[in-house]
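Q: So the sequence lines, in the order shown, correspond to chains A and R. Note that this note's numbering has the first sequence beginning at 1, numbered continuously upward. Note that this note's numbering has the second sequence beginning at 1, numbered continuously upward.
Derived from the structure by calculation, the hints contain no laboratory data. Careful: at least some of the hints might be erroneous.
You can't tell identical chains apart in this list, so a pair holds if it fits in one copy or across any two.
[What the hints assert, rightly or not] Subject to a maximum C-alpha distance of 25 Å in a straight line, what follows is the list of computed SDA-like cross-link-like pairs (lysine to any residue): (1) LYS49 to GLN60; (2) LYS150 to ASP308; (3) LYS78 to THR149; (4) LYS78 to GLN178; (5) LYS278 to PRO59.
Since we're looking at a predicted model, the values are computed, not measured.
Protein chains: 2
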Amino acid sequence: MTTPRYTPLAAALPATVPFVGPETQERARGRLFQARLGANESVFGPSPKTIAAMRAAVPQTWKYGDAENFDLKTAIAKRLEVAADNVIVGNGIDGLLGSLVRMCVGQGDPVVTSSGAYPTFNYHVNGFGGDLVTVPFRDDFEDTTALVTKARDVNAKLVYLANPDNPMGTCHRGGVVQSMIDALPPGCLLVLDEAYVEFAPQGTSPKIDVDDRRVIRFRTFSKAYGMAGARVGYGIGHHDLIRNFNKVRDHFGMSKVSQVGALTALADQDYLAEVIQKVDEARRRISAIAIANDLMPIPSSTNFVAIDCGRDGDFARAVLAELVKRDVFVRMPFVAPQDRCIRVSAGTGPELDLFEAALPPALEAAG
Amino acid sequence: MTTPRYTPLAAALPATVPFVGPETQERARGRLFQARLGANESVFGPSPKTIAAMRAAVPQTWKYGDAENFDLKTAIAKRLEVAADNVIVGNGIDGLLGSLVRMCVGQGDPVVTSSGAYPTFNYHVNGFGGDLVTVPFRDDFEDTTALVTKARDVNAKLVYLANPDNPMGTCHRGGVVQSMIDALPPGCLLVLDEAYVEFAPQGTSPKIDVDDRRVIRFRTFSKAYGMAGARVGYGIGHHDLIRNFNKVRDHFGMSKVSQVGALTALADQDYLAEVIQKVDEARRRISAIAIANDLMPIPSSTNFVAIDCGRDGDFARAVLAELVKRDVFVRMPFVAPQDRCIRVSAGTGPELDLFEAALPPALEAAG
């Protein structure tokens, strides 16, 4: 008998990672990237007030963070005009997705998502033995109608929608998402990932109705608030579902410095507005660079731009490899037909200068 | 049909928390604690070098932390003279225990621990449907012989031992633990929690043998390194087991500031030695206070002292309540007969002054 004895599920799982991190790539390359434009982080960083508050909190690191995330949860609730018991704070959307999937998905339970949508959601579903069923994107948008139809066909417990979408950057109007919610089959929960919603036009998010048991939405401090490394996300939903996270979550799992940082960041909406403006400018510049190279930028409601390289996935992969060779870290969609694109995160001027300089030779080398 | 549809296991779980945090108590009381001596945090804090490094890292919070925790993992491995692939870094021992239990424990799988040992381990075992079987402490020590016997009787997949122990503060010599490992039944993994090992005498930890598949040990930056709020722990074990954490862990779940802090803290062994010295002084003082009040301190190898209040659990609970009323946060064991004690964490002078002043009236009021 071997030791330890794994569960059959754990024994069968691959040891995998949803994304290969830039540091891992740097170690493999033996060279640092000069432009970090691949992980949809916010190069504009946390607000100066947030940085100051986090620095001030560092000596308090000897204390466990508040297990209830009370102050942060309360502040989020107030801003969203919901009750605190409609909000769950956790270790980024990634961590919260893991808890949600754990609560709902057992061996063989059907879950629906789009082919090429967020790999970390898929990682969790596979990790709990769920049966992942996909529908294709339609014209670079997640296909809300097909998602609902498939959810009905397979009696899905969960259906995942990122709005705005990653990796394509497109988004639906809130009314379309609301129609999707209203069309969900009985017993199916919409997992609405709004990680990028701050960058999207007004009206992208359907009205929050915490009495509606059919949807939970997730938001994060990782993107617009510039705090990916702090690991703070939150979910908004019916209080019964929110309370049930307490059955499975790591209660003392939140960094104290991160708690303080997120609370400060949330209060600094002026800075958020600045970042959104800067991201918009960066998106325009990335689009202009694409067009100058005879490539087609896909209109983005996020902090990145998917650029259609005009040929197949092999070509886009070659372009990406050539950019990486030139020390520009970018990523690309994993699945066809989206993988005809590369995905470039909003950067500062110098980073986009590097991208601008690297793209023409990369395209030429990719042939 | 209700939405969402939980797994039968999740539906049956209680919404619980292994510990009620001090902030939760403060909110319920409407008043702050004046001495925080209940959570075995290190009031001596992270080292000045660690604080400086974490502060310097705060602006880098826009980046996701390295998903491999490469630098930290490598530094830990070097210090322990093992390979990097024998080390897994995660969100505190709590988070790592959750991942381990998830890998090994399915519905009805037997797991053995001591009655009144670490509640968060039990929380994870229950959370994955395991069948938790306990043996009593013997003379305030975890009973390694009884643990092994019970593990054999029930065919346990995991057996948990904290050495030194929490909540009693006692410890076994490394040779005793090694004998326990050698006596484990086939297929049983020893989960050796060494959260407090830095405070214990030399020889408390059995020699690390990463070729031995029968044991995984966990250590942390939360206690001696004064970084409970940073959420960094690590596991040491056979590379196959360590690699399998990649099947279930939240790869990008570590705070970047925490990664930097832990790496710096590990290098600052002079400060660690200072803290260990201060904790030893605090333990002596807590013991002296206990004795001055005709109570019996239990010799401690940790950063806290369990004080035998000399009567039953109801009396100790009354003493604890009276201390809390006097703004001194302490905790106590949950289970008889250990619950005749209160548990007081090592504090600085002023905090222990408060405890010293509060204890006599608390004892009198508890009557």
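Q: For every hint, state whether the structure bears it out.
A: To see whether the hints hold, each was checked on the structure:
1. LYS49 to GLN60: Classified as both; 18 Å inside a copy, 14 Å across copies.
2. LYS150 to ASP308: neither (28 Å within a copy, 62 Å between copies)
3. LYS78 to THR149: Neither: 36 Å inside a copy, 54 Å across copies.
4. LYS78 to GLN178: within (23 Å within a copy, 54 Å between copies)
5. LYS278 to PRO59: Intra 33 Å, inter 18 Å, cutoff 25 Å: inter-copy only.
Figure legend: structure checked against the earlier numbered hints; hints not met, in rising order: 2 and 3.
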